[in-house]
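Engineer: Take a look at the letters that make up each chain.
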Amino acid sequence: MRRSLIIVLLAGVLLAIVPYLGLPAFYESVLYLVFHWVALATSWNLLSGYSGYFSFGHGAFYGIGMYTTATLTSQFDVPFLWTLPAAGLFAALFGAVLGAVSFRVKAVRGELFALLTLAATFVVATIVLNTPIDGGQGVYLSAVPMPEFGPSPSGTFYLLALAAAVATIVIALLIYHARFGIGLFAIHDDEDVAEVMGVPTFKYKVAAFALSCALAGVVGGIQAMFVSYVTTGDVFTVAMPLTVVLMSVLGGTRHWLGPAVGALVITLLLYSFTAGDSAVLGKVAMGVILVGVILFMPEGILGQALKRFGRKPQGRAAVASLPPSAINEKARQAEGAAGRTSDVRSGEALLVARDVAKSFRGVKALKGVSLEVRHGEILGLLGPNGSGKSTFINVASGHFPATSGSIVFRGRELVGINAHRIARCGVSRTYQIPRPFAHLTVLENVALPAMFGARLVERQQAQEDAWRWLEFTGLAARAHALPDDLNLHQRKFLEFARALAAQPQLLMLDEVLSGLTPSEIDEAVALIQRIRAQGTTILFVEHVMRAVMALCDRIVVFNQGEVLAEGPPADVMARPEVVSAYLGKPIDDGREPPNASGVPIHA
Amino acid sequence: MNLPSSTLLVQSILAGIFTGALYGLLGLGLSLSWGLLRQINLAHFALAFLGAYLTYQLAGYGGVDPMLTLLMIVPLFFMLGVAVHWVLARFKVTPFNSLLITFGLTIIIEALLQWIWTADYRRLDSSYAEHRYRIGDVFLPLPELITLGLSVAISVAIWLALKRTDLGKALRAAAEDAPIAAAFGINQRALALMLSGLNAALAGIAGVCIALSYTLAPSQIYTWIGVVFAAVMLGGLGRPMGPLIAGCIIGVSEAVTMAVASPSWAPLVSFSLLILVLLFRPGRA
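From first to last, the protein sequence lines are chains A and B. Residue numbers 1 to 603, in the working numbering, belong to the letters of the first sequence in order. Residue numbers 1001 to 1285, in the working numbering, belong to the letters of the second sequence in order.
Bound-form chain A, shown alone (with noise of 0.2 Å):
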């Protein structure tokens, strides 16, 4: 990273020299064009590409730093250089307000964000017609004074664009590697997940969409001045938005220098069809090209190529081998200094369940569930289909939002806070079909909820871990495979994998084992009992007997929304109603029921 962010600064060192050579005037504005859509399409990456919202509205933000710089220099008189940050902050403004309003709703996602950014800019741009800012006439800035820094009026807006690019490349680039650009590649594959990992995607969300939309503001401010003539028509179109979006999955939406390969030769391209008195014909190619490039290329030319030339990753970096077990004593050797050691002692309740709640319309999936998990036990959670076991463990986790009751964690009130902060007091969990993100590695799958969940640690240090983690679960091997590479069993220990980075207090399996040869449910029973070894209470949603009762200390059954019994395990699963509930009363008449004459009702 530090070497790209030390050619990227080289690269804009040397072209700032290029006004001084003396070339033609024709060559700063061809490369004016360029620097303007490299910004740009970097910009719209930020969100779009990073999260995979892709956004629509672009238009409308660089659409307000024109306006923005446009009133502020023609009817306010501001020098024209100081309404840059203002043509940032407005569009940040609206970006920021639009996306705490649209992201509130769930199902605003893919197509639908797209249409919603879109109507913004249409509404955006009716406004600012119909009001003085505008007023339909178009705003004229040739009489603004225009700064002389550069060694001429083509040179300067040269120079001005050329830091624009700069900056947003070097702001993408820092992004991209980032805790924050994690995030948001996890936000791309699965936010849900993401979520319940500890990432806030809502504040990711946002704050990566001002950021983007402040960059295209100010490249709008920079236009405004460029063009010196702003009208509504020319600026918010849905010509320009599609046109960035080609660019950025042209040159690759997953890689920070993407959007500016792509931009350089979509606008190259244009430039020479247009200078050739070939207009149509550059825009054919222009089409032709989209459509290749999403048909055979769907990665981007950068993408591509990264996938062909790029180093193969290497194997493990040389860490000291430690066991995960010493990680952990390290862990809690550092919480201990940090004076968050768990004051709750082995046998004492470690979450604490009362009265929980959830209903999904007229269907009430739990009635009032009372339950309490112990510190540093395994505690089976059984019950027939639909009982509510999952459901439990979905609003426990905050993956669904509890309708009423509390879930208290160490203390915590669990009910009404956002999942990723109850990832952060300390639960993690798996899910019953496996949900990785599928264009991370299982490395950086693994390593992302290290740098999310209870302990926040940094990339370098989190893939590290990750690498335990993946030793552990028998998975160092696939560690540079992307998960759609991996059969069942390795998905599934990929999801142990992750819940086990975060380093959790209470670790919730729903299912785990579900779908596994009866080889692999050995391995994975091992694999358990050496979690629980290491401390950390287990949380346990499971069908197969033979491995509940090798494993549970306590179980609870779930009924139909409802606890029907509690205790240890040989103990419960003898009661006449948990058997009832599994396997239908028995008929009362006269004879002797089924199970009494010998058959046995194991699982």
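Check the hints yourself; a few may be wrong.
To give an idea of the chain A side of the interface with chain B (calculated C-beta under 10 Å), a few residues [claimed, not checked]:
1. K283
2. V284
3. L290
To be clear, the hints were calculated from the coordinates, so they are not data collected in a lab. Every residue, glycine too, gets a C-beta built ideally from N, C-alpha and C.
Following the hints, position chain B against chain A.
Structural biologist: Relative to the frame of chain A, chain B by itself:
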């Protein structure tokens, strides 16, 4: 703001219904391909304009009656739609990528239109344009009446077909869950090809209507996108009557805004409606 006379108001509402009918006709194919095929077909607008220009050429220069151009446009566009879908299905394109690919197609078609008919405004002078019917103080122009008639007839026909016929039920089942539908013996691929053909043909028909009432320019393709998407979303994806009804609501509210405030305020109404629908009823999608 001064209140307009009742005649002006009635005329505005009628104008809104007429525009709304065209929104509905344009939105119908879009809604069906989004709702039933999971493809967001931006090229629908470009196809409509291709149809409009073909009508302009055939009727304006070839002397063909504009309505008769449908005989050529409908089968031609049907085949075009089938071809596009064949490619999208062959590459298993995701909904979002279908949007980008069809944007690429839109650019290509726009360039093609610009190359053949230049970027200048073109207007079809047909005998239809001179016919107007008068009821009281209110005028009813013939081209708009044709659009309204076509839009209502086609929407109702497709609604009935989807609801009543086995073919329609098969289509809806395939949209709900393609693999399961296939397990019940539905040839989902053939159905999808047919539906895409139908959607493109609908774009062609909308194009004829555009040629009858509007001035044409290649860049006009983009002016319809926002408001028609609003009608599609408001109407609910994959519901044949949705775009027409929502289109008329939008059309009337725009026309009344134009009469009461000023024409330039009109987009605020439709796009605010779209935003509200997205925020409060996103489940419709």
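Engineer: Decide, hint by hint, whether the structure agrees.
Structural biologist: How the hints compare with the structure:
1. Checking K283/A against chain B: minimum C-beta separation of about 4 Å stays under 10 Å; hint holds.
2. At about 5 Å, the closest approach between the beta carbon of V284/A and any beta carbon in chain B falls short of 10 Å, and the interface hint on this residue holds.
3. Here the hint on L290/A is kept, as its CB sits about 3 Å from the closest CB of chain B, short of 10 Å.
In terms of the numbered hints stated before, the structure departs from none.
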